[in-house]
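In case you want the letters, here they are:
There are 2 protein chains.
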Amino acid sequence: MKLTILGCYAATPRTFTNPTSQVLEIKNHIFLIDCGEGTQVQLRRNKIKFSKIQHIFISHLHGDHCFGLVGLISTFRLLNREIDLHVYGPKGIKEIITLQLKLSNSWTNYSLYFHELESKSSEIIYEDAKVTVETIPLNHRIYTNGFLFREKPGERKLLIQKAQEFNIDVSLYNSLKKGKNVISEDGELIPNTEVTTDPAPVKSYAYCSDTAFYPEIVPQIKGATVLYHESTFLDDKFELAAPTKHSTAKQAAAIAKEAGVSQLLLGHYSTRYPNIEEFKEEASEIFPNCELSDDGKVFVFE
Amino acid sequence: MKLTILGCYAATPRTFTNPTSQVLEIKNHIFLIDCGEGTQVQLRRNKIKFSKIQHIFISHLHGDHCFGLVGLISTFRLLNREIDLHVYGPKGIKEIITLQLKLSNSWTNYSLYFHELESKSSEIIYEDAKVTVETIPLNHRIYTNGFLFREKPGERKLLIQKAQEFNIDVSLYNSLKKGKNVISEDGELIPNTEVTTDPAPVKSYAYCSDTAFYPEIVPQIKGATVLYHESTFLDDKFELAAPTKHSTAKQAAAIAKEAGVSQLLLGHYSTRYPNIEEFKEEASEIFPNCELSDDGKVFVFE
Chain A
-3 MKLTILGCYA ATPRTFTNPT SQVLEIKNHI FLIDCGEGTQ VQLRRNKIKF
47 SKIQHIFISH LHGDHCFGLV GLISTFRLLN REIDLHVYGP KGIKEIITLQ
97 LKLSNSWTNY SLYFHELESK SSEIIYEDAK VTVETIPLNH RIYTNGFLFR
147 EKPGERKLLI QKAQEFNIDV SLYNSLKKGK NVISEDGELI PNTEVTTDPA
197 PVKSYAYCSD TAFYPEIVPQ IKGATVLYHE STFLDDKFEL AAPTKHSTAK
247 QAAAIAKEAG VSQLLLGHYS TRYPNIEEFK EEASEIFPNC ELSDDGKVFV
297 FE
Chain B
-3 MKLTILGCYA ATPRTFTNPT SQVLEIKNHI FLIDCGEGTQ VQLRRNKIKF
47 SKIQHIFISH LHGDHCFGLV GLISTFRLLN REIDLHVYGP KGIKEIITLQ
97 LKLSNSWTNY SLYFHELESK SSEIIYEDAK VTVETIPLNH RIYTNGFLFR
147 EKPGERKLLI QKAQEFNIDV SLYNSLKKGK NVISEDGELI PNTEVTTDPA
197 PVKSYAYCSD TAFYPEIVPQ IKGATVLYHE STFLDDKFEL AAPTKHSTAK
247 QAAAIAKEAG VSQLLLGHYS TRYPNIEEFK EEASEIFPNC ELSDDGKVFV
297 FE
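One line per chain: the protein sequences are A and B, in this order. Mapping to our numbering: the first sequence position 142 is 138, numbers consecutive. Mapping to our numbering: the second sequence position 112 is 108, numbers consecutive.
In short, the hints are calculated from the structure, not lab data. Errors might be hidden in some of the hints.
If chains are identical, the list can't say which one is meant, so a pair holds when it fits in one copy or spans any two.
Under the rule of at most 25 Å between Cα atoms (straight-line distance), these lysine to any residue pairs were calculated in the SDA-like manner [said to hold, decoys possible]:
hint	residue 1	residue 2
1	Lys241	Thr189
2	Lys(-2)	Leu97
3	Lys241	Tyr106
4	Lys45	Thr11
5	Lys98	Asn135
6	Lys218	Thr94
What you are looking at is a predicted structure, and each value in this text was computed from that prediction instead of being measured.
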């Protein structure tokens, strides 16, 4: 599981910082999460192949999370993209994009599917054999979802030597990998755990931005491998967090601690702070395994 | 008259080039012309004060000329802008912007006026004591206007020593500057030209992008100080110009020559060309006083 931060600053793009966008590579998928203005240039800069992006998840319709989407969709067209593109985001996102494509008379030459979200409860919005993506309803000024990306457990690992010792026919190996007990050539019932071991532990990534301090998300993200939680403010601006429905670094750390995640990533820093190291300092007091996102930074989670 | 090129490449923003946007400073106005994605960052990079921009002119609704507008309007709001903003552009532009502001629940705290254009004939869309702006109907795949920015003639220059010699009362100096004849203290009729000289010659800037080769614009831009004319292609791709309704460098030069402008600026280069110097070489053969736009370049026209 690999995460590339394209942008992680709040509000407006600046000369050297970008609004929110990130790329999650998980089980051979390249998922784009949020798409602030300038995302397509950040994708180029970070050498992410455009054609590998088939799913884009938009948390909410504030500009710093979505104003780069129409440009990216248009660029895909100009590059003669042929493969499908799926966009998941709040109701209204389809109208925003299609209005602009209509008025510029620039329909895509590839299939563009919108999956509009309006549920206030969590729902699975993507699923295949290897991964699921579910919404994490957040508490922001407008309708906002985080996203929980979860690997599915892989097959059990077959201990081939053991299987041979128990005289199990090769045609049953797949059943063993799926966790089933089998009958050996000698007519014996072989319990699955005798010839397999557990699959590699699954990893999960919980993306939570933007949101006020909102402990209601804790049960859903419990035990996640990585939690990205917005931290717009330091504690010095604590009083701004609640009315703007953003969080402080300490609040992000409190969520991480309560949820028992393995690692916390901070981001969505207000551009008023010249030194983002202070976010880490404040959060680490509460949750030590905490890292700072920054534009262009790549995290590999083994 | 000063022109700052924020971006002058066709189609998609790239790591080191930007789509179309430029800033024209004329008679104390700061006019923003077109607004591709990334314009707000280019404004910062080129140290153009956001608050000085009160008028934005959008030629057409292709993304490389307008996808940066909603972000700029939103940033103005985040920076607590108070002064009015006027946007001139094709019909539909208001719907594009207001839909996004509505869905993000982010109405501007300043007054935002849309002046939607749909006339196929030239019209004056802005006028004050010192300058006029009129549309230049162009020939592109969708409804597109260029813009002609014209200084108004200033007052005549008073030759104070002469006026004193003719014994003209100071209270009449303003009439002289306005071109009127006056009666001296000695009762003599003093012809205006005896005590004044012509005002400084007026300057004008014709912005023509995007457009096919379209000689119909020549009468309107006749004698302009500067013509910015798109040159998407070199002559090697001549056959692409007509169907895409773009121009070659040679065609831009032919328009400049026919219109007898003082200077030609080329831009809107297709990103297929690694060396833009070739645009200048081709155009110069037909119209020698030709310059290349490039991102971040500043032209001062005396």
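Right, here's what the structure says about each hint:
1. Lys241 / Thr189: neither (49 Å within a copy, 69 Å between copies)
2. Lys(-2) / Leu97: neither (33 Å within a copy, 34 Å between copies)
3. Lys241 / Tyr106: Result: close only across copies, 23 Å inter versus 37 Å intra.
4. Lys45 / Thr11: This pair counts as both: shortest intra-copy Cα distance 24 Å, inter-copy 14 Å.
5. Lys98 / Asn135: between (33 Å within a copy, 19 Å between copies)
6. Lys218 / Thr94: neither (38 Å within a copy, 40 Å between copies)
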